[in-house]
Amino acid sequence: MTMNVHQYLMDRIAKGTIHMSLLDPDKQSAEEAGKIALKMKEAGSDAVMIGGSTGVNAENLSATAKAIREMSGLPTIHFPSGPAELSPDVDSIFFMSLMNSADLNMVMGYQVYGAPVIRKLGIETISMGYVIVEPGMKVGEVGKAMLVKRDEVKKAVAYAIACEMFGMDFVYFEAGSGAPEPVPTEIVAAVKAAVKIPVIIGGGIRTPEAAEAIRKAGADAIVTGTFIEQCSDDSKLKAVVAASKGL
11 MTMNVHQYLM
21 DRIAKGTIHM
31 SLLDPDKQSA
41 EEAGKIALKM
51 KEAGSDAVMI
61 GGSTGVNAEN
71 LSATAKAIRE
81 MSGLPTIHFP
91 SGPAELSPDV
101 DSIFFMSLMN
111 SADLNMVMGY
121 QVYGAPVIRK
131 LGIETISMGY
141 VIVEPGMKVG
151 EVGKAMLVKR
161 DEVKKAVAYA
171 IACEMFGMDF
181 VYFEAGSGAP
191 EPVPTEIVAA
201 VKAAVKIPVI
211 IGGGIRTPEA
221 AEAIRKAGAD
231 AIVTGTFIEQ
241 CSDDSKLKAV
251 VAASKGL
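Numbering-wise (this note's numbering), the sequence shown opens with residue 11 and increments by one.
Fair warning: there could be bad hints in the mix.
[As the list claims (entries may be wrong)] Pairs of lysine to aspartate or glutamate residues, derived as EDC-like cross-links and limited to a Cα-Cα distance of at most 20 angstroms, are as follows:
1. K165 / D113
2. K159 / E196
3. K76 / E42
It is worth saying that the hints were derived from the structure and are not from the lab.
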């Protein structure tokens, strides 16, 4: 069965804010990732993003994608850090530009390099503008991001509008995996008011209260990664997903 993941996401977003899980193939075995994905499906998560800032390769990406599909049935979306880790075993890939990177490769270089391979592998592409907000954490460092400061609401809005004008399917604002605080709700609300494309928010969301605040500010999709990899309390996982979706 070939799933159109972009349409799947849009159909779900039309009904309200969705939750996406993020699993890093470098952080656990493929089997463990599959078990976490099943747990997240039972908690109400809508899709699984697969990726990490370092340590991801075609082999662990493929194994993780297969395990997630077999054990949870949730659609998988490759969240890439570079063109060396492509796999035909994912359902789709965020074909994304790190909009505020000082490294041109992150903005458009790796994408040009990887595009013919992605097409040859037949992977569904979902275009996305990716913007890193303070503190940025590891992804900000690896991505050489010129971080959007937490009070730079107008700059965040400008990035979002540019993504929409480029014709991107989504715009994703990220505080960084393990960030002490999520993207400020002022940025979420202003960006949501400025664009028609769906707004994804991730990084530092680890409580129902934080998830609810981001949802109420207007996020169309909420991503949790480090939290779900580290949390062994199923009731806490369910509470964060439920708050993300307003259930």
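We went through each hint and held it up to the structure:
Annotation: proposed proximity of K165 to D113 holds, straight-line Cα distance about 19 angstroms (limit 20 angstroms). Of the supplied pair hints, the one linking K159 and E196 holds, its CA atoms being roughly 12 angstroms apart against a limit of 20 angstroms. As the CA atoms of K76 and E42 are separated by approximately 12 angstroms, the hinted pair is consistent with the 20 angstroms bound.
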